[in-house]
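Add 413 to a position in the sequence shown, counting from 1, and you land on the number used in the numbering used here.
If you're looking for bench data, these hints aren't it; they were derived computationally from the structure.
Mixed in with the good hints there might be a few duds.
Claimed, not checked - Straight-line Cα separation of at most 25 Å, DSS-like style, residue types lysine-lysine; simulated pairs: (1) 658 - 597; (2) 577 - 681; (3) 422 - 456.
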Amino acid sequence: MNWNISAYKTLEKCPRRWFYQDKAANGNAKNDKERVEITRLKKLKTIDGWRGDIVDQIISEVLILKIKRKERVVLEDLLQVARNIFDKQFLLASGQLSDINGRPPEFVFIDTEFGRTISEEKKQQAWRDIELAIYNFINDELLMKELREANLLLAQWMIPFMYKNINVTAIPDLIAFYNHKPPKIFDWKVHTNGTHPSEEQLLTYAIALTRTKPQDQYSRFVSGLSVNDIGLTEVQLIANNTGFKRHYQCDSDSVKDIERLISGSVLKMYGMDGTKKYKELSAEDFETIYYAYSEQCYNCPFQKPCKQIEP
Numbered sequence: 414m415n416w417n418i419s420a421y422k423t424l425e426k427c428p429r430r431w432f433y434q435d436k437a438a439n440g441n442a443k444n445d446k447e448r449v450e451i452t453r454l455k456k457l458k459t460i461d462g463w464r465g466d467i468v469d470q471i472i473s474e475v476l477i478l479k480i481k482r483k484e485r486v487v488l489e490d491l492l493q494v495a496r497n498i499f500d501k502q503f504l505l506a507s508g509q510l511s512d513i514n515g516r517p518p519e520f521v522f523i524d525t526e527f528g529r530t531i532s533e534e535k536k537q538q539a540w541r542d543i544e545l546a547i548y549n550f551i552n553d554e555l556l557m558k559e560l561r562e563a564n565l566l567l568a569q570w571m572i573p574f575m576y577k578n579i580n581v582t583a584i585p586d587l588i589a590f591y592n593h594k595p596p597k598i599f600d601w602k603v604h605t606n607g608t609h610p611s612e613e614q615l616l617t618y619a620i621a622l623t624r625t626k627p628q629d630q631y632s633r634f635v636s637g638l639s640v641n642d643i644g645l646t647e648v649q650l651i652a653n654n655t656g657f658k659r660h661y662q663c664d665s666d667s668v669k670d671i672e673r674l675i676s677g678s679v680l681k682m683y684g685m686d687g688t689k690k691y692k693e694l695s696a697e698d699f700e701t702i703y704y705a706y707s708e709q710c711y712n713c714p715f716q717k718p719c720k721q722i723e724p
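Generate coordinates for the entire structure from the input sequences, incorporating the hints supplied.
Written out as structure tokens, the structure is:
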């Protein structure tokens, strides 16, 4: 049985969406037309989700690399890279531009897939949010200081571990390791309001870091490490325009809470036969949270196969 915090959240919100996303979608199922289509639909993105992906890419692949190389971080340079990605991806994902080699786009916007117009204001707001997120990140002096002082930075690094017979996978946005103090785990969000704390997510990451089989690259930093020592920081990048941070600490009670959360969601999967193979299941076996005018359904990539709402 495999488990990760993202799948858990999807299961809690809508079991049927979890079925499509984690059971039906499979990039290796080339001869099953239905699964090929569901795999394509899984890649659909909302405008808000897309803006967050661009911010992730700029921070993880560009900004962190500059910090590692001890290079000067210039806002305009980061924004230029982001703008190039933004403009090209928007044209491809909205169907306004075709790949010169005839390849399908990496992803399509949910609005485009279902024939909904993306207004110019919506597009420009997404760009303003990206600008603001990058600006707030590099102008957080304490955050940048913590990253520059790190002896090792690992962005989007998978740290798997076993809990009972469950394969748990955790992928923090960033882990900062230090020679003379415990590591810190950072999780950043590009959420307009920032009303939903990421505590469960960060606590899971802390547990993973102390239970995973460490790779040589960072093993010396985690020898004898206790979850109580790990710094956990949630960085809200655009909420309230200035952004803000939440800090958490993992203790023995937190560990028990997360273990209960994992066990409980796995039991829920067993209860709905979610551990069976795809061919033994049907979408109708999984309940949906559908209700009229639900934003969750409106922005769900699996509206066509689900048929609970007319896309």
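Status of each hint after checking the structure:
With a C-alpha separation of about 14 Å, the suggested pair residue 658 and residue 597 falls inside the 25 Å cut-off, and the hint holds. For the proposed pair residue 577 and residue 681, the alpha carbon gap of about 16 Å is at most 25 Å, so the pair holds. A C-alpha spacing of about 18 Å is found between residue 422 and residue 456, which places the hinted pair at or below 25 Å, so the restraint holds.
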